[in-house]
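Protein chains: 2
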Amino acid sequence: MAIRKVFSLAVGILVLCLFLCASSSKLKSNKKWHFPRDTRKAFSGYNYKTYYFKQQVDHFGFANVDTFPQRYLLADQYWNHNGGPIFFYTGNEGDISWFCNNTGFMWDIAAEFKALLVFAEHRYYGESIPYGPDAFMNPKNLNYLTSEQALADFADLINYLKSTIPGAAQSPVVAFGGSYGGMLAAWFRMKYPSIVVGALAGSAPILQFSGITGCEAFNEVVTRAFERESVECVNNIRASWQLINSYGITDVGRKLLQEVFHLCQPLNASSEVDTFKDWLAGTWTSLAMVNYPYPANFLEPLPAWPVRECCKYLSNPAESQGLLLDLFAAISVYYNYTGQATCLDISQQGTSSLGDMGWDYQSCTEMVMPMCSNGVSDMFEPMEWNFTQYSDNCYKKWQIKPLLDWITTEYGGKSLESASNIIFSNGLLDPWSSGGVLQSQSRNVIAIRIPDGAHHLDLRSANDQDPYDLQSARVQEVNILKNWLNQV
Amino acid sequence: MAIRKVFSLAVGILVLCLFLCASSSKLKSNKKWHFPRDTRKAFSGYNYKTYYFKQQVDHFGFANVDTFPQRYLLADQYWNHNGGPIFFYTGNEGDISWFCNNTGFMWDIAAEFKALLVFAEHRYYGESIPYGPDAFMNPKNLNYLTSEQALADFADLINYLKSTIPGAAQSPVVAFGGSYGGMLAAWFRMKYPSIVVGALAGSAPILQFSGITGCEAFNEVVTRAFERESVECVNNIRASWQLINSYGITDVGRKLLQEVFHLCQPLNASSEVDTFKDWLAGTWTSLAMVNYPYPANFLEPLPAWPVRECCKYLSNPAESQGLLLDLFAAISVYYNYTGQATCLDISQQGTSSLGDMGWDYQSCTEMVMPMCSNGVSDMFEPMEWNFTQYSDNCYKKWQIKPLLDWITTEYGGKSLESASNIIFSNGLLDPWSSGGVLQSQSRNVIAIRIPDGAHHLDLRSANDQDPYDLQSARVQEVNILKNWLNQV
Chain A
1 MAIRKVFSLA VGILVLCLFL CASSSKLKSN KKWHFPRDTR KAFSGYNYKT YYFKQQVDHF
61 GFANVDTFPQ RYLLADQYWN HNGGPIFFYT GNEGDISWFC NNTGFMWDIA AEFKALLVFA
121 EHRYYGESIP YGPDAFMNPK NLNYLTSEQA LADFADLINY LKSTIPGAAQ SPVVAFGGSY
181 GGMLAAWFRM KYPSIVVGAL AGSAPILQFS GITGCEAFNE VVTRAFERES VECVNNIRAS
241 WQLINSYGIT DVGRKLLQEV FHLCQPLNAS SEVDTFKDWL AGTWTSLAMV NYPYPANFLE
301 PLPAWPVREC CKYLSNPAES QGLLLDLFAA ISVYYNYTGQ ATCLDISQQG TSSLGDMGWD
361 YQSCTEMVMP MCSNGVSDMF EPMEWNFTQY SDNCYKKWQI KPLLDWITTE YGGKSLESAS
421 NIIFSNGLLD PWSSGGVLQS QSRNVIAIRI PDGAHHLDLR SANDQDPYDL QSARVQEVNI
481 LKNWLNQV
Chain D
489 MAIRKVFSLA VGILVLCLFL CASSSKLKSN KKWHFPRDTR KAFSGYNYKT YYFKQQVDHF
549 GFANVDTFPQ RYLLADQYWN HNGGPIFFYT GNEGDISWFC NNTGFMWDIA AEFKALLVFA
609 EHRYYGESIP YGPDAFMNPK NLNYLTSEQA LADFADLINY LKSTIPGAAQ SPVVAFGGSY
669 GGMLAAWFRM KYPSIVVGAL AGSAPILQFS GITGCEAFNE VVTRAFERES VECVNNIRAS
729 WQLINSYGIT DVGRKLLQEV FHLCQPLNAS SEVDTFKDWL AGTWTSLAMV NYPYPANFLE
789 PLPAWPVREC CKYLSNPAES QGLLLDLFAA ISVYYNYTGQ ATCLDISQQG TSSLGDMGWD
849 YQSCTEMVMP MCSNGVSDMF EPMEWNFTQY SDNCYKKWQI KPLLDWITTE YGGKSLESAS
909 NIIFSNGLLD PWSSGGVLQS QSRNVIAIRI PDGAHHLDLR SANDQDPYDL QSARVQEVNI
969 LKNWLNQV
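Chains A and D, in that order, give the protein sequences.
For the first sequence, the numbering used here begins at 1 and goes up steadily by one.
For the second sequence, the numbering used here begins at 489 and goes up steadily by one.
Treat the hints with care, since some could be wrong.
Said to hold, decoys possible - Sample of chain D residues with no beta-carbon within 10 angstroms of chain A, all distances over it, derived:
no., residue
1, Ala-599
2, Thr-634
3, Ala-640
4, Ile-683
5, Glu-717
6, Ser-734
7, Gln-753
8, Cys-831
9, Ser-865
Claimed, not checked - Going by beta-carbon spacing under 7 angstroms, a handful of chain A positions derived as facing chain D:
no., residue
10, Gly-61
11, Phe-62
12, Asp-66
13, Thr-67
14, Thr-146
15, Ser-194
16, Tyr-294
17, Asn-297
In case anyone wonders, no lab produced these hints; they're calculated from the structure.
Computed from a prediction, not measured in an experiment: that's the story for all the values here.
No residue lacks a Cβ here, since even glycine has one placed at the ideal position from N, Cα and C.
Produce the entire structure from the sequences given, and follow the hints as far as they go.
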């Protein structure tokens with residue numbers, strides 16, 4: 001089980017650089033776990049078989065012939081074994097079984113399409129770790145953790161499946177993915193169009209990069225998700241930072257913060273107060289991401305519309321200790337919906353199924369997503385985007401330096417004129433929609449907006465509480481998939 | 489200056505695997521040079537400036553931060569400095585100044601388009617050698633010699649040029665390339681469509697790979713180029729192998745071969761007779777490649793229609809020493825058109841501007857182009873395609889093993905449905921047209937066939953002797969380029 005650190009926290013699916021940058025040198029690691037967080041254990045799961053493919057560590061050079069076992073999950077109970085389509089989930093930064101069990105849409109439509117379902121784990125996550133326990137020990141072992149290598153893994157794996165599974169040789173393949181997995185699905189179609197006929201990219205912030213999307217955009221969407229419930233809720237959160245700062249400067253104040261928020265550990269110094277604020281900010285962000293219309297257990301077990309539930313505690317003017325108590329009640333919606341928590345641990349923020357260290361490395365190499373806040377158009381404490389500081393922190397942690405612009409060079413940024421057969425779906429409540437493709441680019445590159453949707457809600461299984469716009473989006477997605485498959 | 493070896497000979501532009509495989513362990517190197525072969529020195533050249541860009545050695549990992557100076561040539565005398573287009577030559581396996589001076593078409597049309605001309609050298613060739621003199625010493629230093637890294641070089645270089653040359657920021661870029669450079673131009677457009685609006689890929693055998701084009705195809709086109717001149721010419725060449733074998737088994741016979749062919753070195757063993765045959769076969773192939781309609785000096789100084797000139801010596805039935813003398817007269821068209829040769833050196837075959845070692849490595853890694861001959865549908869000695877043997881030879885030379893199918897996975901093989909804005913031009917006399925895209929794939933991926941053209945004839949400068957179909961092809965190319973640029 002990965003050691004969780006706030007300074008490498010993956011907020012929701014994609015790491016929130018804002019908090020990453022702010023607190024990179026502040027926290028010690030903490031191995032304590034207070035709640036059962038592994039949804040695999042809580043959820044009986046779908047019926048699939050687990051396999052391992054002998055995958056090349058390096059696809060772009062010939063000197064290193066090392067391999068690693070890449071895990072993939074396969075479900076053929078719905079498949080037309082004579083050339084039926086393959087629905088291929090391009091795994092993202094975590095345990096593939098978790099994504100498998102949280103991508104119910106693929107399971108829901110598999111029978112209709114007579115599709116073979118494949119969920120491929122991303123290298124350096126879950127069980128698919130090149131160099132095993134030594135993977136994160138040095139830059140050399142981590143050198144192969146890039147999106148390009150991951151896409152090449154998927155390509156090789158698909159070729160292998162098509163050449164070894166009887167009846168699959170002519171099967172058209174559709175890529176599916178959510179969040180970073182959605183970015184990979186879209187990029188996979190762009191870079192390997194001979195391998196996949198199309199891609200459904202759910203909540204894929206491929207525009208959340210330097211020079212394309214402003215650093216303030218993400219936090220503004222978080223704020224809007226709270227503002228939608230109550231302006232006072234936003235005002236209270238915005239006011240909280242200064243209040244916490246005022247308590248944080250004294251031993252007595254920090255002790256009070258610990259007690260009010262039932263923190264498992266004391267806040268021993270003002271630097272730990274910064275960590276506490278990062279954790280709070282990350283919590284608001286996570287809440288916005290998983291603001292689903294029904295009770296769900298993605299990052300945490302939560303009620304329906306959890307932002308609304310939180311804001312119920314923050315919708316009256318408050319100050320001083322009264323506001324602190326309201327804040328605690330609000331975050332308890334996220335951390336203690338089950339009522340089993342005895343204390344709150346600011347060194348962790350959600351499911352253990354995500355590979356925080358891997359994503360931290362990726363965000364320190366290719367995946368630099370500039371984030372900032374100003375406390376005016378958003379509800380967060382003002383924080384500038386400082387790439388130099390960001391880069392220095394990365395170097396301290398990983399002995400590598402990030403490249404700010406490479407990702408746009410490699411995948412084209414917002415230039416999507418030459419792309420085809422991609423659906424970019426985005427829930428507009430989702431903070432990551434700030435970097436999503438929200439406008440259709442052509443008749444083949446289609447944006448689907450889900451006004452009442454949070455993070456890749458459309459990829460979750462159907463639910464009685466699904467809003468109409470979500471149901472409509474799924475119908476549209478199915479029709480587009482059929483269209484692609486009919487053209488093959 | 490590179491040491492030339494038959495076992496790593498780049499025949500024309502792209503190495504001829506057939507001969508590569510056949511003779512990999514047979515020859516010693518030979519440093520002797522008998523003719524002035526460097527066209528840079530013979531040709532006054534076009535007017536350009538030379539620059540060097542600090543290029544990353546590894547684009548697909550972050551552990552190695554080494555750089556190397558990538559050479560590029562720049563000519564701005566025709567350019568509209570306010571956003572005029574950039575014509576970018578994606579350099580192939582050799583000295584970029586040689587390609588620059590042999591791609592007159594770009595110079596011919598630069599003024600009409602008010603274009604900036606850029607010729608970018610391919611890594612590990614010419615002066616653009618990562619790790620300098622140690623580059624070819626071990627697999628580690630050579631690890632970054634791949635087409636993917638080369639394309640990323642081009643992308644980074646273009647970004648750099650657009651961000652540093654005043655007036656270039658909005659300039660649309662068109663990729664040009666011939667032979668392997670044409671493959672790169674086409675793949676560059678496929679993989680980096682946000683960087684280049686289109687690609688003119690001259691004589692680019694992107695289909696000359698396993699599972700797409702039969703191994704016999706190449707040699708059949710060579711044979712047809714000779715058959716076009718005289719069936720007897722083909723029959724004589726086809727008969728020559730057995731004749732040479734019969735002489736090659738004895739000391740006396742080998743001595744006679746050396747004397748008849750004016751070889752610089754004796755043929756000491758039957759293995760050297762194999763090398764001699766490889767050299768002969770490579771010569772016929774080179775002749776077919778540069779079978780231009782006017783005197784030219786690409787691989788060698790040659791008369792117009794050199795295959796016709798050769799076949800003049802081979803158009804009568806002959807046998808025994810008479811045939812040997814005819815063969816010598818025929819190859820002297822290639823090796824001694826200037827009449828200055830005192831002997832023929834079977835360890836070399838053409839210009840020194842090509843980087844034989846680099847291409848040999850590439851053909852032992854990604855660029856595996858299966859070749860074979862049967863002596864029936866072609867005029868060569870029968871030789872099977874044996875990948876195991878090929879791979880073993882590669883391992884002996886470079887301590888790496890080739891991947892037969894990776895190139896097709898990476899670039900999609902013949903699946904061009906998703907490509908756009910590519911011209912594939914092919915001269916049908918050119919052996920490499922066997923692996924060329926000869927049929928238009930869509931209204932955006934256009935094949936131009938030049939019946940009387942040899943290897944990327946259309947990329948050469950205009951000449952009074954240009955056949956009508958070539959002139960017509962160039963007009964079509966210019967119109968398509970204008971169309972792409974008008975759409976930007």
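Hints, verified against the model:
1. Ala-599: Ala-599/D clear of chain A: closest Cβ-Cβ about 29 angstroms, beyond 10 angstroms.
2. Thr-634: It is violated; Thr-634/D is separated from chain A by about 6 angstroms at its closest Cβ, not greater than 10 angstroms.
3. Ala-640: violated (8 angstroms)
4. Ile-683: violated (7 angstroms)
5. Glu-717: holds (39 angstroms)
6. Ser-734: Holds, because the least Cβ-Cβ distance between Ser-734/D and chain A comes to about 41 angstroms, which exceeds 10 angstroms.
7. Gln-753: Non-interface label on Gln-753/D holds, nearest chain A Cβ at 34 angstroms vs cutoff 10 angstroms.
8. Cys-831: holds (38 angstroms)
9. Ser-865: Given that every Cβ of chain A is farther than 10 angstroms from that of Ser-865/D, nearest at about 30 angstroms, it holds.
10. Gly-61: Holds: closest Cβ of chain D sits about 4 angstroms from Gly-61/A, inside 7 angstroms.
11. Phe-62: holds (4 angstroms)
12. Asp-66: Because about 13 angstroms separates Asp-66/A from the closest Cβ in chain D, which is outside the 7 angstroms limit, the hint is violated.
13. Thr-67: Result: violated, 13 angstroms to nearest chain D Cβ.
14. Thr-146: Given a least distance of 6 angstroms, the restraint on Thr-146/A holds.
15. Ser-194: Hint holds; Ser-194/A Cβ to chain D Cβ min 3 angstroms, cut 7 angstroms.
16. Tyr-294: Because about 38 angstroms separates Tyr-294/A from the closest Cβ in chain D, which is outside the 7 angstroms limit, the hint is violated.
17. Asn-297: violated (35 angstroms)
The structure does not agree with the numbered hints 2, 3, 4, 12, 13, 16, 17 stated previously, though it agrees with the rest.
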